[in-house]
Amino acid sequence: MSKFAWVTLTTNDTYSLGALVLAHSLKRAGTAHQLAVLVTPTVSEAMRDRLKDVYNIVQEVNVLDSQDAANLALLSRPELGVTFTKLHCWRLVQFEKCVFLDADTLVLQNCDELFEREELSAAPDVSWPDCFNSGVFVYKPSVETFTQITEFAIKNGSFDGGDQGLLNQYFADWATADIKKHLPFVYNVTAYASYCYLPAFKQFRDKIKILHFAGKLKPWLLQFNSETKQVSVSTDYAHAKDLIQLWWNIFCDKVHQSLSDNMAGLAGALSQLQIGQQRSPEQEAYENLMRRQCWESGQIDYSGADSFDNIWKKISQTLEAKPVEKEAEQTGSS
Amino acid sequence: MMRRQMSYRFEDQDASPYALKMNRRFSRVESGADLKDYFDRGDIASRENRWNFEVAWEVANKVGGIYTVIRSKAYVSTEEMGEQLCMMGPYKENCARTEMEEMEFPRGNPLLDAVNSLRSRGYKIHTGRWLVDGNPQLILFDIGSAAWKLDQFKSEMWEKCHIGIPHLDIETNDAIILGFMIAEFLEEFRNFAVSYSQNNGLSAPRIVAHFHEWQAGVGLIVLRTRQVEIATVFTTHATLLGRYLCAGNTDFYNNLDKFAVDEEAGKRQIYHRYCLERGATHLAHIFTTVSEITGYEAEHLLKRKPDIITPNGLNVKKFSAIHEFQNLHAVAKEKINEFVRGHFYGHMDFDLDKTLYFFIAGRYEFGNKGADIFIESLARLNAMLKHERPDTTVVAFLIFPTKTNNFNVDSLRGHAVIKQLRDTINNVQQAVGKRMFDTCLKGHIPNADDLLEKDDLVKIKRCMFAMQRDSMPPVTTHNVADDWNDPVLSSIRRCHLFNSVHDRVKMVFHPEFLTSTNPLFGIDYEEFVRGCHLGVFPSYYEPWGYTPAECTVMGIPSVTTNLSGFGCFMQEHISDPKSYGIYIVDRRYIGLENSVQQLSSFMMEFSRLNRRQRIIQRNRTERLSDLLDWRTLGIYYRQARVKALQAVYPDYIDETTLYGSRNNLIFSRPHSEPPSPTSSRHTTPAPSVHGSDDEDSVDEETELKELGIK
Numbered sequence: 001m002s003k004f005a006w007v008t009l010t011t012n013d014t015y016s017l018g019a020l021v022l023a024h025s026l027k028r029a030g031t032a033h034q035l036a037v038l039v040t041p042t043v044s045e046a047m048r049d050r051l052k053d054v055y056n057i058v059q060e061v062n063v064l065d066s067q068d069a070a071n072l073a074l075l076s077r078p079e080l081g082v083t084f085t086k087l088h089c090w091r092l093v094q095f096e097k098c099v100f101l102d103a104d105t106l107v108l109q110n111c112d113e114l115f116e117r118e119e120l121s122a123a124p125d126v127s128w129p130d131c132f133n134s135g136v137f138v139y140k141p142s143v144e145t146f147t148q149i150t151e152f153a154i155k156n157g158s159f160d161g162g163d164q165g166l167l168n169q170y171f172a173d174w175a176t177a178d179i180k181k182h183l184p185f186v187y188n189v190t191a192y193a194s195y196c197y198l199p200a201f202k203q204f205r206d207k208i209k210i211l212h213f214a215g216k217l218k219p220w221l222l223q224f225n226s227e228t229k230q231v232s233v234s235t236d237y238a239h240a241k242d243l244i245q246l247w248w249n250i251f252c253d254k255v256h257q258s259l260s261d262n263m264a265g266l267a268g269a270l271s272q273l274q275i276g277q278q279r280s281p282e283q284e285a286y287e288n289l290m291r292r293q294c295w296e297s298g299q300i301d302y303s304g305a306d307s308f309d310n311i312w313k314k315i316s317q318t319l320e321a322k323p324v325e326k327e328a329e330q331t332g333s334s
Numbered sequence: 001m002m003r004r005q006m007s008y009r010f011e012d013q014d015a016s017p018y019a020l021k022m023n024r025r026f027s028r029v030e031s032g033a034d035l036k037d038y039f040d041r042g043d044i045a046s047r048e049n050r051w052n053f054e055v056a057w058e059v060a061n062k063v064g065g066i067y068t069v070i071r072s073k074a075y076v077s078t079e080e081m082g083e084q085l086c087m088m089g090p091y092k093e094n095c096a097r098t099e100m101e102e103m104e105f106p107r108g109n110p111l112l113d114a115v116n117s118l119r120s121r122g123y124k125i126h127t128g129r130w131l132v133d134g135n136p137q138l139i140l141f142d143i144g145s146a147a148w149k150l151d152q153f154k155s156e157m158w159e160k161c162h163i164g165i166p167h168l169d170i171e172t173n174d175a176i177i178l179g180f181m182i183a184e185f186l187e188e189f190r191n192f193a194v195s196y197s198q199n200n201g202l203s204a205p206r207i208v209a210h211f212h213e214w215q216a217g218v219g220l221i222v223l224r225t226r227q228v229e230i231a232t233v234f235t236t237h238a239t240l241l242g243r244y245l246c247a248g249n250t251d252f253y254n255n256l257d258k259f260a261v262d263e264e265a266g267k268r269q270i271y272h273r274y275c276l277e278r279g280a281t282h283l284a285h286i287f288t289t290v291s292e293i294t295g296y297e298a299e300h301l302l303k304r305k306p307d308i309i310t311p312n313g314l315n316v317k318k319f320s321a322i323h324e325f326q327n328l329h330a331v332a333k334e335k336i337n338e339f340v341r342g343h344f345y346g347h348m349d350f351d352l353d354k355t356l357y358f359f360i361a362g363r364y365e366f367g368n369k370g371a372d373i374f375i376e377s378l379a380r381l382n383a384m385l386k387h388e389r390p391d392t393t394v395v396a397f398l399i400f401p402t403k404t405n406n407f408n409v410d411s412l413r414g415h416a417v418i419k420q421l422r423d424t425i426n427n428v429q430q431a432v433g434k435r436m437f438d439t440c441l442k443g444h445i446p447n448a449d450d451l452l453e454k455d456d457l458v459k460i461k462r463c464m465f466a467m468q469r470d471s472m473p474p475v476t477t478h479n480v481a482d483d484w485n486d487p488v489l490s491s492i493r494r495c496h497l498f499n500s501v502h503d504r505v506k507m508v509f510h511p512e513f514l515t516s517t518n519p520l521f522g523i524d525y526e527e528f529v530r531g532c533h534l535g536v537f538p539s540y541y542e543p544w545g546y547t548p549a550e551c552t553v554m555g556i557p558s559v560t561t562n563l564s565g566f567g568c569f570m571q572e573h574i575s576d577p578k579s580y581g582i583y584i585v586d587r588r589y590i591g592l593e594n595s596v597q598q599l600s601s602f603m604m605e606f607s608r609l610n611r612r613q614r615i616i617q618r619n620r621t622e623r624l625s626d627l628l629d630w631r632t633l634g635i636y637y638r639q640a641r642v643k644a645l646q647a648v649y650p651d652y653i654d655e656t657t658l659y660g661s662r663n664n665l666i667f668s669r670p671h672s673e674p675p676s677p678t679s680s681r682h683t684t685p686a687p688s689v690h691g692s693d694d695e696d697s698v699d700e701e702t703e704l705k706e707l708g709i710k
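Sequences listed follow chains A and B, in order. All residue numbers for the first sequence refer to UniProt numbering, where the first residue is 1 and numbers rise by one. All residue numbers for the second sequence refer to UniProt numbering, where the first residue is 1 and numbers rise by one.
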């Protein structure tokens with residue numbers, strides 16, 4: 001067995017969809033190494049079983065485990081709790097070297113060469129290239145490092161409140177010390193950012209190895225038509241449509257059939273879908289849920305399904321539900 | 001003497017002795033359909049078992065302009081509907097604590113039952129009276145107390161309308177909670193009112209709820225989608241999208257019919273709010289806007305024409321002496337004179353008696369408020385005055401609150417210097433008086449040369465030295481924070497209006513609200529307006545326009561535009577607005593350059609008037625205040641409610657319909673009848689003897705002749 005592993009983290013069933021697709025994308029790219037996933041207690045049993053199907057290791061991490069000295073100290077800084085979860089990846093000491101991938105990444109090509117890099121190698125963040133993006137990084141598991149980072153965290157906090165700020169503070173010399181620790185951008189291409197420099201995105205898109213759906217845009221939060229298996233993408237992300245579609249293709253081929261209705265959140269809703277078949281009430285229920293989620297996260301398809309004409313149709317339906325009120329309605333909206 | 005007595009206004013005296021005479025003399029039909037005819041404190045309404053609710057985010061919660069509308073209307077609404085009226089809004093502690101007197105509704109009132117029923121659901125509800133004129137009944141809902149149901153509310157909104165609410169938009173989430181609480185309240189109220197009526201042998205209750213603006217509109221949507229049998233009225237004071245589009249410097253009115261509304265709202269991330277607004281607009285039984293121009297905007301942006309225009313009124317204060325406002329003008333003007341003396345010290349080469357005060361005021365929206373064309377037109381007025389009337393000076397005040405680094409040292413210094421001069425002169429005066437007295441006491445005639453001693457002259461000279469200044473008087477009273485990019489200052493620079501000796505137009509930009517504690521003016525806004533000669537409000541986007549309306553009721557002429565609700569209203573209801581001191585600039589049908597020319601020619605025209613003409617003009621302007629009074633304008637709200645009631649209860653007959661044809665209101669200039677709208681009122685003095693030198697007594701025809709309007 002390989003001494004190297006790809007590591008990811010999931011905190012709920014919806015995010016686990018990302019982790020499942022990520023694992024399949026790694027296998028699709030033909031990786032020779034092992035897969036490990038860290039899960040928090042909020043991930044359901046059913047989902048863990050499915051994760052076990054594709055990941056060699058499913059490791060539960062518990063933020064509030066009072067057995068742990070580091071955790072005890074952390075209780076004094078509860079705001080770092082979530083940040084801290086990611087650091088658990090350093091405790092996977094059964095491996096010699098690991099590459100951490102966020103669950104919202106998608107591997108497009110084989111990247112096994114990453115394991116030749118040293119800790120801590122990562123790609124620059126698009127908004128501040130002197131910081132690395134903590135969505136993809138190479139590291140060496142070590143309990144000692146883990147303790148040091150947690151102590152550092154408790155002492156200094158994180159400048160952005162998240163893990164990226166913390167790791168950039170801890171590995172402060174990343175920007176200047178060793179150029180070999182700078183991964184090329186193709187190992188962590190943020191999907192939304194490429195929009196800023198569209199010609200470059202078009203020129204180098206075939207070279208992209210790992211795509212990172214950072215920010216609000218998550219593939220699983222976009223509108224997906226289960227009948228045609230097509231995802232609809234707002235104009236802002238049109239350039240990455242085929243890559244988002246790839247995520248959904250992997251989902252349909254490999255992940256969907258393994259879902260079950262005892263999973264929480266979106267995963268449970270998706271399990272009810274019949275993909276590639278006529279719309280069923282379940283499909284509509286799912287789409288309904290999806291559309292509402294899109295509205296609530298501010299991604300409204302105002303020029304399409306959510307146009308006011310459609311809203312008005314819906315309102316009219318509601319009004320006509322009871323024929324008694326019809327008359328008043330006609331006078332009202334005429 | 002008799003005449004003088006007649007000229008006092010007694011509000012309660014509108015009874016019979018004058019009525020007959022009035023009717024004959026009325027040239028204005030509208031006054032027959034005055035809301036005052038319905039002032040019975042809810043007597044008829046309670047007999048008809050009719051209930052009214054008025055819902056707005058700004059009920060007892062001062063945020064912006066809607067607060068003023070509802071607050072000023074409260075008096076006439078309670079006069080009309082008494083205890084049958086209830087206003088509802090969110091409970092905002094800081095405002096409600098000072099504006100609300102908490103008390104419970106009396107027992108046996110369905111209002112109390114409904115409130116208790118909602119309280120049993122865990123909602124916190126405050127009831128009582130609003131401490132404003134009229135003391136309307138008030139129900140305020142504590143939004144926090146129903147926050148736990150937010151998700152349920154949002155699900156219902158989604159299930160019924162397919163409108164979702166982004167998590168991050170806290171204001172809309174609050175509006176959702178309030179809307180659902182109010183809808184649940186009204187639903188409960190209706191149930192209680194129905195059983196109450198049955199138990200007491202009354203006819204079935206008729207309920208009408210009036211919602212203002214999109215925040216309250218949520219309640220309307222819920223009521224309608226839950227199919228509660230309540231008549232609804234929805235009023236927008238400005239559309240959401242219109243505000244955004246105008247702020248973005250678009251050529252708004254020329255493209256109004258071309259905007260892809262869904263997309264524009266979506267791009268600006270107000271799509272959900274826009275959907276709520278548009279949904280409420282279409283769901284309401286009766287939809288109203290505050291002005292014709294907003295109606296036009298709503299027709300294209302919300303896709304529904306208003307059924308009725310409900311203009312905003314004012315709670316007009318009546319003075320017992322008829323021309324009191326002229327006296328107030330003189331008093332306030334003297335205070336502004338005082339400021340001008342200080343601000344322009346060392347440059348006071350102009351005659352304050354031949355100086356006119358123009359002003360513009362409002363929120364600091366440079367383009368929307370028309371400050372751009374105001375400054376441009378002032379530059380042209382300056383050129384015209386130099387050429388035609390070099391002895392007249394115009395001081396233009398721009399009152400736009402913005403960020404500043406406190407007062408300008410120079411402008412403070414000016415006031416100190418003037419004060420010093422005044423004190424010195426006063427001392428000298430006293431000394432001279434004493435010397436004269438002593439001399440006379442000794443039996444001598446005082447000699448002019450002996451009165452003023454050398455020492456006095458030295459003191460005066462010292463003051464005069466202090467008054468010298470090398471620089472020109474500043475164009476602004478404060479140090480504006482971003483001086484170089486400030487739009488007003490940049491325009492002033494571009495137009496070279498630097499208050500030089502030769503300029504006939506002097507600029508004073510006052511970037512702060514006026515309060516009586518202000519060390520420069522020491523007067524509040526109202527007094528300032530009274531002291532000015534002309535308000536200039538050439539707005540591009542102004543759904544209603546309270547500023548010119550306020551000027552009008554204080555008897556101050558104003559310039560407005562046909563893009564402001566006020567301007568449209570005046571244009572529609574007065575056949576010759578100019579003769580009443582309402583100058584309306586066309587910003588809709590002619591080019592920008594022409595509008596600028598028109599504005600400058602209006603200002604020039606005004607500058608040509610002599611004092612007597614201005615006094616007559618102010619008299620005429622003040623007469624319009626009845627037109628802007630809620631007592632008159634409230635009738636439209638009434639009409640809207642009646643129409644809504646008739647939509648829901650087709651059998652409802654309102655007695656207004658019996659006098660159907662009366663509400664065609666036009667202020668005309670009739671030929672034979674005494675033409676002025678209010679000259680025919682009982683409040684007007686009896687016709688005077690011709691040739692009298694009393695300005696009050698100048699009659700209409702003579703007035704027009706004197707104003708040079710044929």
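It is possible that part of the hints are untrue.
As the list claims (entries may be wrong) - In silico contact screen, one side only, chain B against chain A (beta carbon under 8 Å); selected entries:
1. Trp158
2. Cys161
3. His162
4. Tyr271
As the list claims (entries may be wrong) - What follows is a list of derived Cβ distance ranges for each label pair:
5. B:Thr517 x A:Ala305: 51 to 61 Å
6. B:Ser500 x A:Gly157: 56 to 66 Å
7. A:Gln148 x B:Asn249: 52 to 62 Å
8. B:Lys303 x A:Tyr192: 27 to 37 Å
9. A:Ala305 x B:Arg588: 51 to 61 Å
10. B:Met472 x A:Ala238: 50 to 60 Å
11. B:Met472 x A:Gln203: 54 to 64 Å
12. A:Glu45 x B:Met103: 53 to 63 Å
13. B:Ser46 x A:Glu320: 28 to 38 Å
14. A:Gln272 x B:Arg121: 32 to 42 Å
15. B:Met103 x A:Lys155: 34 to 44 Å
No lab work stands behind these hints, which were simulated from the structure alone. Note that the Cβ used here is the ideal one computed from N, Cα and C, for glycine as well.
Go ahead and decide if the range 32 to 42 Å is satisfied by the Cβ distance of Gln272 of chain A to Arg121 of chain B. 34 Å, holds
Evaluation of the interface hint that places Cys161 of chain B against chain A, nearest CB under 8 Å: Nearest chain A Cβ about 5 Å off; hint holds.
Supplied distance hint 54 to 64 Å, evaluated on CB atoms of Met472 of chain B and Gln203 of chain A: For Met472 of chain B and Gln203 of chain A the Cβ distance comes to about 60 Å; the hint holds.
Looking only at beta-carbon atoms, does the pair Gln148 of chain A, Asn249 of chain B fall within the given range of 52 to 62 Å? Since Gln148 of chain A and Asn249 of chain B have Cβ atoms about 55 Å apart, the given range 52 to 62 Å holds.
Met472 of chain B paired with Ala238 of chain A, Cβ distance criterion 50 to 60 Å: 58 Å, holds
Agreement of hint His162 of chain B with chain A interface, Cβ distance less than 8 Å: Constraint on His162 of chain B satisfied, holds at 4 Å.
Taking 8 Å as the limit, does the beta-carbon of Tyr271 of chain B come near enough to a beta-carbon in chain A? 5 Å, holds
Outcome of range test on Cβ distance (Ala305 of chain A, Arg588 of chain B; 51 to 61 Å): 37 Å, violated
In this structure, is the beta-carbon distance linking Glu45 of chain A and Met103 of chain B contained in 53 to 63 Å? 57 Å, holds
Distance restraint hint 28 to 38 Å, applied to the beta-carbon atoms of Ser46 of chain B and Glu320 of chain A: With Cβ atoms ~35 Å apart, the hint holds.
For the pair Met103 of chain B and Lys155 of chain A, does the Cβ-Cβ distance stay inside 34 to 44 Å? This hint is violated: roughly 57 Å between Cβ atoms.
Hint Trp158 of chain B vs chain A: min CB-CB distance below 8 Å? Result: holds, 5 Å to nearest chain A Cβ.
Consistency with the previously given hints fails for numbers 9, 15, ordered from lowest to highest.
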